[in-house]
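Just need the whole structure built from these sequences, with the hints factored in.
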Amino acid sequence: AQSVTQPDIHITVSEGASLELRCNYSYGATPYLFWYVQSPGQGLQLLLKYFSGDTLVQGIKGFEAEFKRSQSSFNLRKPSVHWSDAAEYFCAVGGSNFGNEKLTFGTGTRLTIIP
Amino acid sequence: DSGVTQTPKHLITATGQRVTLRCSPRSGDLSVYWYQQSLDQGLQFLIQYYNGEERAKGNILERFSAQQFPDLHSELNLSSLELGDSALYFCASSVTGLDSPLHFGNGTRLTVT
Numbered sequence: 283a284q285s286v287t288q289p290d291i292h293i294t295v296s297e298g299a300s301l302e303l304r305c306n307y308s309y310g311a312t313p314y315l316f317w318y319v320q321s322p323g324q325g326l327q328l329l330l331k332y333f334s335g336d337t338l339v340q341g342i343k344g345f346e347a348e349f350k351r352s353q354s355s356f357n358l359r360k361p362s363v364h365w366s367d368a369a370e371y372f373c374a375v376g377g378s379n380f381g382n383e384k385l386t387f388g389t390g391t392r393l394t395i396i397p
Numbered sequence: 023d024s025g026v027t028q029t030p031k032h033l034i035t036a037t038g039q040r041v042t043l044r045c046s047p048r049s050g051d052l053s054v055y056w057y058q059q060s061l062d063q064g065l066q067f068l069i070q071y072y073n074g075e076e077r078a079k080g081n082i083l084e085r086f087s088a089q090q091f092p093d094l095h096s097e098l099n100l101s102s103l104e105l106g107d108s109a110l111y112f113c114a115s116s117v118t119g120l121d122s123p124l125h126f127g128n129g130t131r132l133t134v135t
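Just so you know, the sequences run in chain order F and S.
Here the first sequence stands for residues 283 to 397, numbered as in my numbering.
Here the second sequence stands for residues 23 to 135, numbered as in my numbering.
Keep in mind the hints are simulated off the structure, nothing from the lab.
Among the clues, some could well be false.
[Stated by the list, open to error] Under the rule of at most 30 angstroms between Cα atoms (straight-line distance), these lysine-lysine pairs were calculated in the DSBU-like manner: (1) F:Lys350 - S:Lys79; (2) S:Lys31 - F:Lys343; (3) S:Lys31 - S:Lys79.
[Stated by the list, open to error] If you want the ones that stay clear, here's a sample from chain S, every Cβ over 10 angstroms from chain F, calculated: (4) Thr29; (5) Thr37; (6) Gly38; (7) Gly50; (8) Leu52; (9) Ser53; (10) Leu83; (11) Ser87; (12) Gln89; (13) His95; (14) Asn99; (15) Leu103; (16) His125; (17) Val134.
We put the CB at the ideal spot given by N, CA and C, even for glycine.
And the structure:
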């Protein structure tokens, strides 16, 4: 069964500091990996995705993530956070097999930014 | 704006009742996904439809059912409602499957009293 672990429930960083959100996945084949962001009262917005190829993927809003197969990880990074980055972040894993298109989400990491 | 429209935004109903949640996907998207988000379960995949046909099934209860109509909008029907069904229900759409970006609606908040 596929699963995602986000070990950090809540992270607080100062504005301008760097950020890394951890994500570990379990999947039987080469996974599709995603990071989504959710602001209060809103739906989820896709930040970036990994399907294949270059293991370092760039996303919107200055975010990037690195796929490390040996560690089953897909950590999200940003060199300098802005107050507007405060939100809930979800890592997700899925596959392309017909009949197995479900996207499994982690429990999320809440990011708080302090001035 | 993701282009995915969900109605209603809020729904309050009593235990034992039945409700219907509606989702209009982005123009051109053939796949519709339903997710349930609750504090204790997190985001749970319920079901996916592609061009009118069921394509993948997740942790959807037998009391719940869904369908996708010829105009590609989708409805999620929840019956014999229980307090534990209170949650935020999201619809997402994509052009085909997970190989194209999922666009999420803003959700329907269901409160069962």
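To see whether the hints hold, each was checked on the structure:
1. Taking the CA atoms of Lys350 of chain F and Lys79 of chain S, the gap is near 29 angstroms; set against the 30 angstroms cutoff, the hint holds.
2. Between the alpha carbons of Lys31 of chain S and Lys343 of chain F the distance comes to roughly 28 angstroms, so the proposed pair stays at or under 30 angstroms and holds.
3. With a C-alpha separation of about 24 angstroms, the suggested pair Lys31 of chain S and Lys79 of chain S falls inside the 30 angstroms cut-off, and the hint holds.
4. In this structure Thr29 of chain S is separated from chain F by more than 10 angstroms, as the shortest Cβ-Cβ distance comes to about 14 angstroms.
5. Separation of Thr37 of chain S from chain F is adequate, the least Cβ-Cβ distance of about 26 angstroms exceeding the 10 angstroms criterion.
6. The Cβ of Gly38 of chain S sits about 29 angstroms from the closest Cβ of chain F, beyond the 10 angstroms cut-off, so the non-interface label holds.
7. Distance check on Gly50 of chain S: its Cβ is at least 17 angstroms (rounded) from any Cβ of chain F, clearing the 10 angstroms threshold; non-interface status holds.
8. Every C-beta of chain F lies more than 10 angstroms from that of Leu52 of chain S, the closest at about 12 angstroms, which supports listing it as non-interface.
9. With 10 angstroms as the threshold on Cβ separation, the claim that Ser53 of chain S sits away from chain F is violated: the shortest Cβ distance comes to roughly 8 angstroms.
10. Look at Leu83 of chain S: its CB is around 16 angstroms from the nearest CB on chain F, clear of 10 angstroms, so calling it non-interface holds up.
11. The claim that Ser87 of chain S is not at the interface with chain F holds, since no C-beta of that chain comes within 10 angstroms of its own (minimum 17 angstroms).
12. Here Gln89 of chain S stays apart from chain F, with its beta-carbon at least about 17 angstroms from theirs, past the 10 angstroms limit.
13. For His95 of chain S, the non-interface assignment is confirmed: its Cβ lies about 17 angstroms from the closest Cβ of chain F, beyond the 10 angstroms cut-off.
14. Distance check on Asn99 of chain S: its Cβ is at least 20 angstroms (rounded) from any Cβ of chain F, clearing the 10 angstroms threshold; non-interface status holds.
15. Its beta-carbon lying about 23 angstroms from the closest one in chain F, Leu103 of chain S satisfies the requirement of being farther than 10 angstroms from that chain.
16. Not every beta carbon of chain F lies more than 10 angstroms from that of His125 of chain S, the smallest distance being close to 8 angstroms; the non-interface claim is violated.
17. Residue placement check: Val134 of chain S keeps its beta carbon more than 10 angstroms from all beta carbons of chain F (closest about 20 angstroms).
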